[in-house]
Amino acid sequence: MLGWMRHESEPDLLFDVMAKSDPVPSTFVDVDGLGRDYGDNTALESLDLKVAIGEGVAFVGQNGSGKTTALSMIAGRLDPTRGTVRIAGKDIHDRQVAISVRSMISFVPDAPALYPDLTVLDHLQIVGFAHGVENVDDRSAELLTRLGLETRSHLLPRELSRGMRQKTQLACALLRPSRVLMLDEPVSGLDQGSRRELFAVLSEAKVGGAAVLLSTHQIDFVDGLVDTVVVLDQGSVAKIGTYGEVMKDGVVRELGLL
Amino acid sequence: MTTAVSLPTAGEVLASVRYRRRQHASKTTVDRLTDAYLAAFLGLYAASAIAWLFDVDLSGTSFSFHETLAWLPVALFLATWGVVRYGTWQGPVVFSGPEMQWVVTAPLDRRHLVRGRFRRALVVAAIAGVIGGMGVTLIAATMTDVGRVDVFISGSASLVAVALSAVSLSWHVERSARWSTIVNRITPIMLGVAAVLAVGVATGHELAVTWSGPWGWASASSIAATGGDLSGLWIQSLLLGIVAAVMVFSAVVTSDHISDEELWRRAEARSTAAAAMFFGDVRTLRRISRRNRARGHVRGRDWQVMRPARPWLVVTSWDILTLRREPSRLVTAVILTAGGFVAAVAATGRSILAIVAFLLLYAAGSRLVEPIRIEVGQPNAHRMLPWRWGTVLVLHCIVPAVVMTALGWLGLAVVGIGGFVDGVAFGELSFVVPFAAGALVLPAAVAASRQPFPVGTIVSGGDAGPVLALLWLLVGPALAAIVVSISFGGLQRGLAGSPSGFFSAIVVLGGATAGFAMWLISRKDPP
Numbered sequence: 001m002l003g004w005m006r007h008e009s010e011p012d013l014l015f016d017v018m019a020k021s022d023p024v025p026s027t028f029v030d031v032d033g034l035g036r037d038y039g040d041n042t043a044l045e046s047l048d049l050k051v052a053i054g055e056g057v058a059f060v061g062q063n064g065s066g067k068t069t070a071l072s073m074i075a076g077r078l079d080p081t082r083g084t085v086r087i088a089g090k091d092i093h094d095r096q097v098a099i100s101v102r103s104m105i106s107f108v109p110d111a112p113a114l115y116p117d118l119t120v121l122d123h124l125q126i127v128g129f130a131h132g133v134e135n136v137d138d139r140s141a142e143l144l145t146r147l148g149l150e151t152r153s154h155l156l157p158r159e160l161s162r163g164m165r166q167k168t169q170l171a172c173a174l175l176r177p178s179r180v181l182m183l184d185e186p187v188s189g190l191d192q193g194s195r196r197e198l199f200a201v202l203s204e205a206k207v208g209g210a211a212v213l214l215s216t217h218q219i220d221f222v223d224g225l226v227d228t229v230v231v232l233d234q235g236s237v238a239k240i241g242t243y244g245e246v247m248k249d250g251v252v253r254e255l256g257l258l
Numbered sequence: 001m002t003t004a005v006s007l008p009t010a011g012e013v014l015a016s017v018r019y020r021r022r023q024h025a026s027k028t029t030v031d032r033l034t035d036a037y038l039a040a041f042l043g044l045y046a047a048s049a050i051a052w053l054f055d056v057d058l059s060g061t062s063f064s065f066h067e068t069l070a071w072l073p074v075a076l077f078l079a080t081w082g083v084v085r086y087g088t089w090q091g092p093v094v095f096s097g098p099e100m101q102w103v104v105t106a107p108l109d110r111r112h113l114v115r116g117r118f119r120r121a122l123v124v125a126a127i128a129g130v131i132g133g134m135g136v137t138l139i140a141a142t143m144t145d146v147g148r149v150d151v152f153i154s155g156s157a158s159l160v161a162v163a164l165s166a167v168s169l170s171w172h173v174e175r176s177a178r179w180s181t182i183v184n185r186i187t188p189i190m191l192g193v194a195a196v197l198a199v200g201v202a203t204g205h206e207l208a209v210t211w212s213g214p215w216g217w218a219s220a221s222s223i224a225a226t227g228g229d230l231s232g233l234w235i236q237s238l239l240l241g242i243v244a245a246v247m248v249f250s251a252v253v254t255s256d257h258i259s260d261e262e263l264w265r266r267a268e269a270r271s272t273a274a275a276a277m278f279f280g281d282v283r284t285l286r287r288i289s290r291r292n293r294a295r296g297h298v299r300g301r302d303w304q305v306m307r308p309a310r311p312w313l314v315v316t317s318w319d320i321l322t323l324r325r326e327p328s329r330l331v332t333a334v335i336l337t338a339g340g341f342v343a344a345v346a347a348t349g350r351s352i353l354a355i356v357a358f359l360l361l362y363a364a365g366s367r368l369v370e371p372i373r374i375e376v377g378q379p380n381a382h383r384m385l386p387w388r389w390g391t392v393l394v395l396h397c398i399v400p401a402v403v404m405t406a407l408g409w410l411g412l413a414v415v416g417i418g419g420f421v422d423g424v425a426f427g428e429l430s431f432v433v434p435f436a437a438g439a440l441v442l443p444a445a446v447a448a449s450r451q452p453f454p455v456g457t458i459v460s461g462g463d464a465g466p467v468l469a470l471l472w473l474l475v476g477p478a479l480a481a482i483v484v485s486i487s488f489g490g491l492q493r494g495l496a497g498s499p500s501g502f503f504s505a506i507v508v509l510g511g512a513t514a515g516f517a518m519w520l521i522s523r524k525d526p527p
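Those sequence lines, one after another, are chains A and B.
Anchor point for the first sequence: position 95 equals 95 in our numbering, and the numbering is continuous, going up by one each time.
Anchor point for the second sequence: position 221 equals 221 in our numbering, and the numbering is continuous, going up by one each time.
Source of the hints: derived by calculation from the structure; they are not laboratory data.
Just so you know, even glycine gets a beta-carbon here, dropped at the ideal spot from N, CA and C.
Mixed in with the good hints, there may be bad ones.
Unchecked claim - Derived list of chain B stretches under chain A, where covered just means 3 residues or more per stretch with a C-beta under 8 Å from a C-beta of chain A: (1) 11-19; (2) 105-114; (3) 399-412; (4) 476-482.
Said to hold, decoys possible - With the C-beta cut set under 7 Å, the calculated list includes, among others, these residues of chain A facing chain B: (5) 78; (6) 81; (7) 83; (8) 99; (9) 102; (10) 103; (11) 113; (12) 127; (13) 129; (14) 221; (15) 223.
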């Protein structure tokens with residue numbers, strides 16, 4: 001079982017916010033009128049979104065369309081200019097509850113952020129320790145095997161390819177006990193085999209009880225993976241719907257996403 | 001069946017990270033000791049070089065340590081403001097990207113993490129304060145035979161207090177976007193305050209300056225040690241202690257009042273800035289600090305590209321446009337030129353000030369040839385133009401040379417109005433200015449036209465690596481210094497009343513400018 005899966009039967013592992021007595025709300029991620037400006041430039045106009053546990057959402061769009069901005073604000077890495085983000089009913093940007101809410105989110109950034117002097121296994125050990133994961137060694141070994149990193153666990157980041165570094169981050173994100181898995185451009189730098197493996201892992205994460213949110217400009221990757229596709233164009237929501245609905249609409253072709 | 005999860009403390013996680021990092025540390029204890037030895041050796045070398053400069057300069061002059069120390073409040077004020085301004089884009093609490101990704105975002109006590117980093121900054125500030133304070137008061141006591149222990153302790157403690165206050169204030173700026181904006185906006189006013197303090201010192205109102213604020217209170221004991229007024233020393237020390245205590249306390253109680261965004265922004269800026277510093281890329285470093293001060297929003301006035309009257313003016317019009325879009329380059333050049341003129345006027349009998357004047361004026365020229373560095377950074381961009389690489393480089397020198405000439409004439413006019421040169425010399429010097437501007441700008445252009453600073457040389461060059469790197473940096477100033485020093489005799493003769501002196505200086509400066517321009521034109525297209 002991967003790290004996040006154990007929450008399906010053990011909701012009290014999610015600390016104070018997801019204590020045993022708390023029911024899992026039907027809308028786990030609630031985004032309301034979320035927007036961000038940089039001076040006169042609007043990076044994201046207004047986004048409304050509701051995501052339940054086990055659901056997947058993909059933000060697609062061209063470069064500069066606002067995908068990373070949206071994802072970063074939902075993860076609490078970026079402060080919104082307007083609107084709110086609630087995770088399990090708690091405002092992610094409220095400093096008083098930030099620690100407990102943070103523990104529910106795993107964010108995999110586009111650019112790998114790894115300690116240059118720590119091995120792949122060291123990263124997993126530290127993440128496991130910081131998040132109070134039990135049986136870190138076993139879980140780490142399981143994840144490393146699953147992601148094809150078992151023979152590279154002793155290597156430093158500079159000895160890894162970009163795709164391998166990306167997988168190391170993914171392994172760390174999967175190890176920690178989270179309810180929301182967020183990935184910024186997870187497909188970039190991955191070969192076809194790794195893409196298939198990522199698809200399978202993310203599908204399992206959904207089934208195991210995580211909400212999966214990701215951004216990509218490769219819309220074909222999310223076919224069959226997510227329930228909702230949000231097409232962004234220059235900071236505005238151009239279309240929102242299922243993969244089939246979005247593909248029927250001409251906007252995807254107009255934006256050159258195919 | 002449920003399993004309780006016991007979370008570690010922030011301190012335990014950080015200790016775990018440190019332990020694991022030490023397992024893969026590439027440096028051994030011997031390596032670290034060697035580094036420390038080299039740093040101490042270079043420090044002593046630099047200190048002896050500075051002492052030599054002072055020896056050279058001060059012999060035969062009426063140097064007074066008391067007069068020099070009177071400038072300490074101004075220096076402390078500027079240093080404090082520098083630390084505060086640093087908080088607008090970095091600050092005392094900065095985590096690395098991996099720390100942000102794996103430790104800060106973990107369910108750990110944010111206050112503990114921040115306080116650890118803040119404590120480290122306070123320790124560094126305290127050490128700097130102790131070293132500075134002990135150094136100043138020791139020298140003061142040695143030179144003036146005022147060996148009072150209380151003054152010595154007070155001098156050291158005062159600088160520690162002002163350093164702690166500055167770091168604490170910097171934290172408040174770091175954690176608040178509003179404070180950052182305020183600091184950015186009032187920086188020109190603060191420079192004005194520094195100028196007022198400087199005028200106060202220059203006009204002999206040093207007592208008033210020492211009461212003007214924490215920077216003055218912190219300087220009082222050092223100034224007193226060299227023969228100043230000791231009467232208010234303990235009141236000033238008490239006030240300083242109160243300010244430092246309040247500042248540090250307020251910083252500690254607000255240690256969790258910072259958003260993830262601010263910490264992420266600083267982590268990313270730190271990573272890029274470290275890389276830029278490693279490669280000696282000052283331009284990128286400046287851009288990062290500017291972008292982060294503006295919180296990702298850097299947008300000047302939207303100037304439009306002018307249609308040049310002649311095709312060959314395309315490069316010139318582009319350089320004017322970039323200067324208008326980024327006026328800070330012009331402002332820096334103006335400040336450096338003004339400083340150069342002040343140093344030149346005060347240089348009579350003080351060779352060190354003449355060197356300072358030359359370096360400031362060269363730095364102004366170097367700042368203005370930024371378009372050449374941009375061109376070198378994008379070597380293929382010039383292929384859009386119908387000229388060879390060398391020609392483009394020379395065309396980029398036109399605007400800097402014209403601006404330097406204008407600044408030179410402006411400076412000369414101020415000096416003339418001040419009565420530092422007579423009417424005849426003023427007229428003849430105004431003919432020299434364009435040639436002098438060329439002789440400063442063209443060597444700077446020659447230096448800028450090379451590839452970026454070869455950091456690899458420091459490592460790959462073996463023992464000679466640092467020397468080779470230093471020589472690389474000195475090429476531009478050295479070329480300009482050779483030309484200026486050759487023309488200097490002519491200038492001196494001209495100022496003494498010989499018109500042929502000015503003429504010979506013009507010939508030397510003009511000839512060198514033409515020579516440098518020819519060398520630039522001969523540069524081959526980059527591969």
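Hint check results:
1. Figure legend: the stretch 11-19 of chain B, annotated as covered by chain A; annotation consistent (4 residues with Cβ-Cβ distances under 8 Å, at least 3 required).
2. Under the rule that three or more residues need a Cβ within less than 8 Å of chain A, the assignment of the stretch 105-114 of chain B holds, with 6 such residues.
3. Counting residues of the stretch 399-412 of chain B whose beta carbon lies closer than 8 Å to any beta carbon of chain A gives 0, which falls short of the minimum of three for the stated coverage.
4. For the stretch 476-482 of chain B, the proposed coverage by chain A is not satisfied: 0 residues have a C-beta within less than 8 Å of a C-beta in that chain, short of the threshold of three.
5. Annotation: interface hint on residue 78/A holds; nearest CB of chain B at approximately 5 Å, less than 7 Å.
6. Residue-level restraint check for residue 81/A is violated (minimum Cβ-Cβ distance to chain B is 11 Å; threshold 7 Å).
7. For the restraint placing residue 83/A at the interface with chain B, the shortest Cβ-Cβ distance is roughly 15 Å, beyond the 7 Å limit, so the hint is violated.
8. Hint status for residue 99/A: holds, given a least beta-carbon distance of 5 Å to chain B, under 7 Å.
9. Interface hint status for residue 102/A: upheld, as the beta-carbon distance to the closest one in chain B is roughly 6 Å, under 7 Å.
10. Interface hint status for residue 103/A: upheld, as the beta-carbon distance to the closest one in chain B is roughly 4 Å, under 7 Å.
11. The criterion of a C-beta within 7 Å of any C-beta in chain B is met by residue 113/A, whose closest approach is roughly 4 Å, and the hint holds.
12. The interface hint given for residue 127/A is met, as the beta carbon of that residue sits about 6 Å from the closest beta carbon of chain B, less than 7 Å.
13. Checking residue 129/A against chain B by beta carbon gives a least distance of about 6 Å; that is within 7 Å, so the hint holds.
14. A least Cβ separation of about 23 Å between residue 221/A and chain B goes past the 7 Å threshold, and the interface hint is therefore violated.
15. Violation of the interface hint for residue 223/A is found here, the shortest Cβ-Cβ separation to chain B being roughly 29 Å, above the 7 Å cut-off.
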